[in-house]
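Those protein sequences? They're chains R and C, same order as listed. Here the numbering used here is used: position 173 in the first sequence is 699, and no number is missing along the way. Here the numbering used here is used: position 6 in the second sequence is 717, and no number is missing along the way.
Keep in mind the hints are simulated off the structure, nothing from the lab. Check the hints yourself; a few may be wrong.
[To be verified] Derived DEER-like restraints, expressed as beta-carbon distance ranges:
id, chain 1, residue 1, chain 2, residue 2, range
1, R, Ala681, C, Val856, 27 to 33 Å
2, R, Pro564, C, Pro875, 58 to 64 Å
3, R, Lys699, C, Val871, 38 to 44 Å
4, C, Met881, R, Val662, 34 to 40 Å
5, C, Val770, R, Pro564, 37 to 43 Å
6, R, Ala681, C, Asn887, 49 to 55 Å
7, R, Ala681, C, Ile838, 26 to 32 Å
8, R, Arg686, C, Arg794, 53 to 59 Å
9, C, Ser736, R, Thr582, 21 to 27 Å
10, C, Gln737, R, Ala679, 21 to 27 Å
11, C, Ile838, R, Pro541, 45 to 51 Å
12, C, Thr721, R, Lys704, 23 to 29 Å
Since we're looking at a predicted model, the values are computed, not measured. Here a beta-carbon is modelled for each residue, glycine too, at the ideal position from N, C-alpha and C.
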Amino acid sequence: MGPKRSGASSASSAPLPPLSIDPTAVLSDAISFSGTYPVTIGANSVLHPRCKLNSTEGPIVIGSNCIISERTQLIAPDIDGLVLGNYVHVEVNCHIQAARIGDATSIEVGTKLGKGSCIGDNCTLSPLSTIRDVDVLPAFTVVYGENQRRVDASATAVARNETMLAHIDCLKKLIPNKSEKYTR
Amino acid sequence: MSQKSEYIQTETGNKVSRKSLIIGSQNIILGGKTIIQADCCIRGDLRRLVPQGQNAAAVAIAVGRYCFLSKSCLLRPPSKTYRGQFSYYPMKLGDHVFVGEGSVVEAAVIGSYVNIGKNCVIGKFSIIKDCVRIEDGTVIAPNSVIPSFSSVEGHPGIVVEELPETAAEMLERELNHQ
Numbered sequence: 527m528g529p530k531r532s533g534a535s536s537a538s539s540a541p542l543p544p545l546s547i548d549p550t551a552v553l554s555d556a557i558s559f560s561g562t563y564p565v566t567i568g569a570n571s572v573l574h575p576r577c578k579l580n581s582t583e584g585p586i587v588i589g590s591n592c593i594i595s596e597r598t599q600l601i602a603p604d605i606d607g608l609v610l611g612n613y614v615h616v617e618v619n620c621h622i623q624a625a626r627i628g629d630a631t632s633i634e635v636g637t638k639l640g641k642g643s644c645i646g647d648n649c650t651l652s653p654l655s656t657i658r659d660v661d662v663l664p665a666f667t668v669v670y671g672e673n674q675r676r677v678d679a680s681a682t683a684v685a686r687n688e689t690m691l692a693h694i695d696c697l698k699k700l701i702p703n704k705s706e707k708y709t710r
Numbered sequence: 712m713s714q715k716s717e718y719i720q721t722e723t724g725n726k727v728s729r730k731s732l733i734i735g736s737q738n739i740i741l742g743g744k745t746i747i748q749a750d751c752c753i754r755g756d757l758r759r760l761v762p763q764g765q766n767a768a769a770v771a772i773a774v775g776r777y778c779f780l781s782k783s784c785l786l787r788p789p790s791k792t793y794r795g796q797f798s799y800y801p802m803k804l805g806d807h808v809f810v811g812e813g814s815v816v817e818a819a820v821i822g823s824y825v826n827i828g829k830n831c832v833i834g835k836f837s838i839i840k841d842c843v844r845i846e847d848g849t850v851i852a853p854n855s856v857i858p859s860f861s862s863v864e865g866h867p868g869i870v871v872e873e874l875p876e877t878a879a880e881m882l883e884r885e886l887n888h889q
């Protein structure tokens with residue numbers, strides 16, 4: 527956790543929130559941090575350029591082996607903060623105000639998670655799905671089509687996590703790591 | 712139409728907004744006369760990984776001529792595991808392709824005369840043939856193939872209508888009126 531340094535984020539000149547970034551995490555250029563509550567990023571996680579983390583209302587914790595894609599906004603809903611589990615894949619254009627996202631959950635393009643919602647482990651949210659405020663999704667839920675839901679019985683969680691690791695390895699070769707820029 | 716100061720014009724007549732975000736421009740080919748609007752994001756850095764010793768594949772995104780990429784749309788090469796190696800794969804757009812505001816494109820191939828509406832999601836490795844119209848808010852599933860002369864709508868996107876033989880001219884005209 528480094529001291530606050532102004533001007534590190536290209537989006538604003540406001541001081542960065544207290545950051546605790548694992549040395550194996552990869553943060554690309556132009557990630558915007560705002561707010562004053564601490565942000566924790568776990569081991570081996572990858573943050574794409576132009577993703578936004580807003581910790582004005584509470585802390586944000588990102589687990590290990592997560593991928594957060596560009597233009598996604600992670601907003602802590604309240605003082606209890608936003609907690610992402612391990613192996614979470616958040617795709618492009620998502621707007622996330624959830625309280626908790628379980629392990630090995632895939633959140634696809636343009637998904638909106640309402641304030642204080644709780645997503646269980648191993649869930650899949652298909653593109654452009656919307657979860658209402660304080661909604662709770664049990665583990666292995668798949669949200670598809672016009673907000674229909676079913677239970678994922680494919681038992682592919684282990685294979686999925688292996689693919690996630692391969693994906694992260696690939697991204698680590700492609701995306702230059704600028705995490706020291708945010709921690710100085 | 713465009714303010715002179717906002718756009719940079721290249722030698723081949725492409726107009727690229729200064730407010731767009733183009734990453735890995737060395738891996739992107741623009742065919743010419745293409746317009747890229749503000750907040751548009753093109754991920755050329757997500758290129759194909761090849762085993763050591765081979766020449767690195769140079770092109771991540773190839774865009775044809777007379778394409779129009781609207782505000783805040785996103786072009787992102789698709790990725791998958793093939794023969795035990797996870798990699799991104801190149802993406803190809805034809806000529807006269809229109810991509811609407813806020814759409815996310817992760818297709819493998821998009822043909823010519825394709826009109827993609829606003830806020831669409833084109834899934835990974837989907838193949839869109841020539842003369843296709845995709846309505847606003849459509850979600851095309853990964854790995855799907857959209858045949859020529861079709862109009863696609865819905866979540867997931869399905870072909871709702873066949874386009875007439877004049878579709879190419881019609882779609883080109885629509886693009887010119889944007």
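Verification of the hints:
Taking the beta carbon of each, R:Ala681 and C:Val856 are about 28 Å apart, inside 27 to 33 Å as hinted. Evaluation of the 58 to 64 Å hint for R:Pro564 and C:Pro875 yields a pass: the beta carbon distance comes to about 59 Å. In this structure, R:Lys699 and C:Val871 meet the distance hint of 38 to 44 Å, their C-beta atoms being roughly 42 Å apart. Hint check: C:Met881 to R:Val662, Cβ distance near 48 Å, so the stated range 34 to 40 Å is violated.
Distance hint for C:Val770 and R:Pro564: a CB-CB separation of about 42 Å, consistent with the stated range 37 to 43 Å. Range check, R:Ala681 to C:Asn887: about 52 Å between beta-carbon atoms, so the 49 to 55 Å window is met. About 30 Å separates the C-beta atoms of R:Ala681 and C:Ile838, a value consistent with the hinted range of 26 to 32 Å. As the Cβ distance of R:Arg686 to C:Arg794 is approximately 19 Å, the hint placing it in 53 to 59 Å is violated.
One distance hint, 21 to 27 Å for the beta-carbon pair C:Ser736 and R:Thr582, is violated here, with the actual separation near 34 Å. Restraint check, C:Gln737 to R:Ala679: a C-beta distance of roughly 45 Å breaks the suggested window 21 to 27 Å. At roughly 48 Å, the beta carbons of C:Ile838 and R:Pro541 sit within the given window of 45 to 51 Å. A beta carbon spacing of about 28 Å between C:Thr721 and R:Lys704 agrees with the range 23 to 29 Å that was offered as a hint.
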